[in-house]
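**Student:** Listed below, chain by chain, are the residues.
There are 2 protein chains.
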Amino acid sequence: MIERIARLAAIVTIVMALGLAASPAAAEDGYALWLRYQPLPQGIRAAAAPHAAAIVAPAAPSPTIGVAVAELQRGLGGLLARPEPVAHTAGVGAILVGTPAELPAIAALHLPLSGLGDEGYLLRSATVDGKAVTIVTGNSDVGVLYGAFALLRQVQTGAPIDRLDLASTPKVRIRMLDHWDNLDRTVERGYAGESIWDWWRLPDWHDPRYTDYARANASIGINGTVLNNVNASPDILTPRFIAKAAALADIFRPYGIKVYLSVNFASPIKLGGLKTADPLDPQVAAWWKAKADEIYKAIPDFGGFLVKANSEGQPGPGDYHRSHSQGANMLAAALAPHHGIVIWRAFVYTATGDGDRAKEAYDEFKPLDGQFADNVVLQVKNGPIDFQPREPFSPLFGAMPKTPLGLEVQITKEYLGFATHLVYLGALFQETLDADTYADGPGSTVAKVIDGELDHHQLSLIAGVANIGSDRDWCGSDFNQANWYAFGRLAWDPTASSRAIAVEWAKMTFSLDPGFVGPTVDMMMLSREAVVNYMTPLGLAHQMGTNHHYGPAPWVDNLPQAEWNPAYYNRADATGIGFDRTKTGSNAVAQYAPPVAKRFADLATVGDKYLLWFHHLPWTYRMASDETLWDSLVHHYTLGVTQVADMQNTWTAMQRYVDPERYAKATTFLAIQHREAQWWRDASIAYFQSKSHLPLPAGEVPPAHSLAYYEALRFPHAPGI
Amino acid sequence: MIERIARLAAIVTIVMALGLAASPAAAEDGYALWLRYQPLPQGIRAAAAPHAAAIVAPAAPSPTIGVAVAELQRGLGGLLARPEPVAHTAGVGAILVGTPAELPAIAALHLPLSGLGDEGYLLRSATVDGKAVTIVTGNSDVGVLYGAFALLRQVQTGAPIDRLDLASTPKVRIRMLDHWDNLDRTVERGYAGESIWDWWRLPDWHDPRYTDYARANASIGINGTVLNNVNASPDILTPRFIAKAAALADIFRPYGIKVYLSVNFASPIKLGGLKTADPLDPQVAAWWKAKADEIYKAIPDFGGFLVKANSEGQPGPGDYHRSHSQGANMLAAALAPHHGIVIWRAFVYTATGDGDRAKEAYDEFKPLDGQFADNVVLQVKNGPIDFQPREPFSPLFGAMPKTPLGLEVQITKEYLGFATHLVYLGALFQETLDADTYADGPGSTVAKVIDGELDHHQLSLIAGVANIGSDRDWCGSDFNQANWYAFGRLAWDPTASSRAIAVEWAKMTFSLDPGFVGPTVDMMMLSREAVVNYMTPLGLAHQMGTNHHYGPAPWVDNLPQAEWNPAYYNRADATGIGFDRTKTGSNAVAQYAPPVAKRFADLATVGDKYLLWFHHLPWTYRMASDETLWDSLVHHYTLGVTQVADMQNTWTAMQRYVDPERYAKATTFLAIQHREAQWWRDASIAYFQSKSHLPLPAGEVPPAHSLAYYEALRFPHAPGI
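Taken in sequence, the protein lines are chains A and B. Here the working numbering is used: the first residue of the first sequence is 4, the next is one more, and so on. Here the working numbering is used: the first residue of the second sequence is 4, the next is one more, and so on.
These are computed hints drawn from the structure, not numbers from a lab. Nothing false has been slipped in among the hints.
Quick list of simulated restraints, FRET-style, between CB atoms:
(1) B:D253 <-> A:N550: 25 to 33 angstroms
(2) A:P663 <-> B:D253: 18 to 26 angstroms
(3) B:P211 <-> A:A711: 33 to 41 angstroms
(4) B:K300 <-> A:A711: 19 to 27 angstroms
(5) A:L562 <-> B:G69: 48 to 56 angstroms
(6) B:P211 <-> A:G46: 32 to 40 angstroms
(7) B:K405 <-> A:N550: 47 to 55 angstroms
(8) A:H91 <-> B:A656: 31 to 39 angstroms
Cβ-to-Cβ under 8 angstroms is the rule here; a few derived chain B residues that face chain A:
(9) D187
(10) D238
(11) P719
To give an idea of the interface, some chain B residues facing chain A are shown, with a C-beta separation under 7 angstroms as derived from the structure:
(12) L186
(13) I675
(14) P722
Small disclaimer: the values here were computed from a predicted structure and weren't measured. Quick reminder that beta carbons are idealized off the backbone N, C-alpha and C, glycines included.
Could you build the full structure based on these sequences and the hints that come with them?
**Tutor:** In structure tokens:
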């Protein structure tokens with residue numbers, strides 16, 4: 004007995020020593036994301052452990068089943084605080100992992116898998132040979148992998164796993180991240196370090212981080228990744244870079260993730276030495292066809308091309324007086340033999356400035372409805388301008404029923420204070436997805452447009468501009484990880500609740516304690532309204548500093564392209580503020596279905612959220628609250644600052660639930676956010692007061708500095724440009 | 004008893020679970036550098052543990068003593084695999100950590116500390132109150148900190164600590180890293196990710212990595228860091244960036260590390276709005292004085308300015324027809340009241356190309372000897388050109404006895420294959436330090452010039468251009484860490500053995516096993532000769548590709564500045580190869596002291612290493628080996644490739660001593676190095692054969708491709724430019 008104590012004590016000593024030695028690396032530095040797999044509270048462990056006695060997998064598992072099993076071992080081993088064995092026969096409490104074809108024991112159960120499609124999964128508590136077991140299955144290995152992550156999520160979030168009957172199938176076919184990563188490792192609009200793609204050392208060196216990236220994405224159902232910036236260097240299509248992309252594709256393949264590339268439309272000129280990139284030129288088409296063949300030789304399951312054409316200086320078919328559909332279809336023809344697709348962006352606006360930028364994508368693309376090849380999807384940003392804290396949904400949604408429309412949202416916070424502002428974007432994404440286009444009567448939500456249900460499209464897509472970089476915590480802050488997570492979960496099911504997703508994420512990332520989860524999720528849900536209030540309340544938009552988009556600059560009106568100027572958007576003058584998009588103005592409202600157009604056009608129904616987006620109103624306009632517009636505007640700015648202070652207070656109270664490193668980081672970032680929210684408020688009020696010439700409402704504190712002070716601030720070396 | 008077993012078992016379970024869960028982060032990813040503190044082999048632990056029973060420190064320790072104690076706890080706890088307690092009284096086996104003034108028990112021993120200076124340390128086994136203890140002391144807290152790291156190094160390398168009497172004092176006063184980090188986080192000549200300075204989130208966010216950086220530097224005695232690129236943005240001197248630098252200075256201060264900044268000589272114009280930066284203009288001097296005052300308000304122990312002036316397009320006093328000394332002395336006057344220094348770089352060359360670049364720094368600076376203010380040090384690169392795989396020492400060393408000369412070496416591998424080539428630079432650094440200038444007779448080594456001994460200077464400096472970036476392993480490969488380590492150790496003692504340093508490093512970084520240490524150190528020592536052989540054998544230099552300096556480009560002769568062209572350096576033509584720097588040529592040899600000049604000028608004594616550096620010779624010249632020069636050149640290239648293959652074989656045999664992640668990475672990088680060594684050989688031979696028109700020596704394999712193939716290779720998006 005004493006001997007046994009001594010042996011145990013020795014083990015304790017050794018293990019503790021290992022822990023000690025590993026302590027710097029093992030600190031909660033955010034690298035593990037929501038896949039931390041820390042030991043669960045004892046009660047939850049005790050309940051789950053009997054149903055995770057061992058993993059039973061096919062004897063010769065595919066690479067995908069292999070990673071599913073490895074993840075379950077790692078996850079359950081960590082969560083249940085003991086090694087998770089792999090067995091070859093199903094004992095009591097076993098977890099059977101595979102398709103029916105791979106595991107006869109599952110086939111014998113005749114489970115209802117027909118509705119799961121290619122990627123769905125089923126988790127089912129069942130009896131095999133008289134033994135209670137858990138089934139993780141699907142029609143494909145990747146479905147099984149998603150099921151494995153779903154089972155882990157159940158355990159991680161403290162849900163019971165003893166009576167499982169959980170089937171899920173993704174509603175959207177292509178769920179992808181768009182990396183705006185340049186080939187020199189800079190990241191356009193990246194605020195989390197440099198690109199995680201170490202292009203220079205690819206294809207030789209495979210950073211273990213690539214595997215962890217794939218794990219994280221697979222855990223939330225992401226199945227595609229565009230490796231490079233939409234402002235694409237032609238060099239991505241050189242043999243050197245195709246080989247690098249192929250190495251990444253090989254790493255991602257077991258995780259069900261396909262690789263896509265952004266391409267430069269002028270590549271036939273820049274790389275091929277042709278005199279033109281005219282999509283109707285046979286040599287151009289042949290060049291692209293040969294290039295596609297070359298890519299598929301290296302990457303047999305290559306996903307396809309993402310194209311930014313005739314937009315912000317990028318080349319495109321318009322350079323040859325061809326339409327977007329002519330350009331897209333030429334590329335689509337090159338990819339079609341290989342089952343690849345073209346993702347064509349609808350983000351275009353002209354340089355004239357006499358029109359309304361919010362109308363331009365619709366004006367250009369709506370007439371092309373029905374002209375795109377079958378393997379083209381048109382990728383539309385959530386709002387008609389550009390990833391603002393709040394925009395109404397793009398009028399293209401619902402307006403092009405013959406064309407598969409994909410949704411593009413921005414996970415990186417270009418216009419939202421960069422990495423240090425805590426803004427939970429699940430709420431923003433859901434606002435767009437839930438918006439009713441009325442394209443086919445009430446209930447024609449954006450979600451139904453983009454998942455293909457409304458117009459019966461097989462091809463469906465949701466893309467998020469990634470917030471991922473080389474920072475140890477991946478996203479520039481731990482809370483930014485929630486936006487990656489929420490994006491993936493909403494891409495899987497666009498009707499899901501962003502709050503429920505936040506709850507999942509908070510539990511997995513920090514703590515299951517209800518004392519933590521409730522307040523933290525409340526804070527996250529509040530955060531999106533806070534940023535709208537302190538940056539662009541009441542439907543204002545695009546008030547950010549030139550180029551870097553950091554901080555307030557409502558006064559800027561001297562940029563060469565009218566639509567780059569904040570003043571173009573706020574239209575503040577002595578008479579009032581706001582952009583008249585009713586029929587007395589640009590009539591952008593007319594691009595929406597009539598019930599929506601009517602709601603937005605009518606001051607009685609437009610609501611505060613979109614008021615100044617659609618209307619230019621006098622400073623003294625009476626709001627529903629009976630305040631003047633001026634007073635309400637000031638109050639909203641101040642409210643935004645107060646809401647950040649509330650977030651700070653919430654977080655302070657969470658200290659006891661959070662490890663010191665992550666607690667300190669979020670605390671520091673919230674302090675930055677509060678300081679910058681105050682700056683946004685003060686600078687905006689200083690500017691608008693110079694137009695309104697009205698006194699501040701009673702009790703409101705004047706800006707800390709003069710308008711000239713704010714105008715003079717400069718931020719050289721800002722990230723992400 | 005059973006209860007106790009159960010409790011122990013529960014602890015084991017919990018601790019193992021923590022270990023399990025932490026496993027991804029705790030993998031040997033290189034982040035821990037040489038401070039891994041993994042448990043030592045049992046025998047060594049058993050021998051050391053009785054002499055590390057507890058740490059005794061002053062009751063109210065200074066921040067520096069605080070970090071010394073924390074490091075000892077962390078280090079000894081890890082190495083000895085059990086917690087290291089802190090005690091308030093010295094029991095048997097205690098380690099007493101402090102200055103005599105702080106710990107009366109140490110004062111009572113009357114130890115011989117007078118020779119240790121400000122930064123030296125003494126480790127001494129002693130008896131206090133009849134108890135055997137270990138003393139870690141010095142005349143200052145930072146000396147004690149260095150002693151703590153020295154004690155840890157003893158334990159880490161398996162040296163006994165029971166009969167310690169080890170005193171050490173740094174020979175060089177300023178031992179610094181120069182970061183060529185830009186304010187947008189790009190790093191000039193950086194191959195390890197982006198800058199570790201997260202400028203944007205400073206001063207608010209203090210990445211824990213800053214502290215680990217300070218720990219690593221303090222562990223090898225580095226006491227200064229230049230935060231920004233010598234090609235300096237004026238913005239570094241704005242209040243925003245001074246505040247960021249101050250935040251870093253606050254973090255580094257307890258570790259004995261001072262912050263320095265690179266400054267742009269035109270800052271008074273760019274920032275101050277002055278019309279001139281003429282150093283003799285009183286307004287300019289006043290601007291710098293006010294700026295220095297402003298900096299010292301934020302950073303009371305600010306180190307000073309590093310200046311690259313009138314070099315490669317940078318502004319400088321020459322723009323106003325003033326001398327380097329006039330420029331440096333003006334800045335020195337601004338810093339002198341605060342005891343700051345000016346580090347003025349001697350790296351200059353003109354654009355004419357009719358001269359010899361190797362002579363230019365000497366020609367420009369030698370006449371200024373004696374004209375520099377007391378607080379100026381002239382920073383001279385190791386060789387007369389620019390950080391080549393091999394150069395003779397700069398003729399400035401020994402030529403300016405009235406001026407403190409600092410040595411600048413490059414730790415980052417700009418001209419050495421970037422991060423993936425394994426090249427141990429300790430051998431290169433030592434070659435320079437050991438070189439005899441004969442300035443004051445035999446034994447006037449570069450080491451004695453730069454440590455101030457030869458010419459009795461108080462101010463002495465050695466600077467290494469850092470190879471540190473945001474990569475998880477800091478340096479772009481685990482073996483690159485050895486170059487940071489060796490730099491610091493040689494800066495502390497320029498007469499130290501680079502092999503002995505490699506042994507230390509290999510033991511701490513990988514394994515104490517003699518089966519590992521011997522072959523690995525042999526491989527490291529060989530590696531520097533290998534790179535010379537496959538890149539620039541026999542005294543060739545500067546044969547790298549344009550701008551990025553990656554790969555061979557001996558054919559390039561069309562760059563606008565003559566001295567940028569590889570052909571300028573190799574001078575290969577039908578008659579022969581090499582740069583005649585004897586009196587029949589540029590007579591650069593005359594810049595050296597007569598015995599050195601004579602040796603280099605004479606074909607009988609110059610030796611193979613510097614043969615073509617100093618001599619232009621016919622292809623058929625007979626080498627000492629009786630081969631022709633052409634045959635010898637080809638053999639050297641081939642030997643370089645073979646040596647890399649030998650390194651690969653060595654490393655393969657080390658697999659059992661190394662964790663899988665680090666083993667795999669070095670294996671991959673060695674494969675890249677071998678492929679690129681072959682490319683260097685083949686491309687170089689293809690080019691030189693096009694000049695020599697001679698057949699390859701018997702048994703030599705022709706280049707794999709045509710010269711045209713090698714000439715056509717392009718490497719867009721290469722790092723570090």
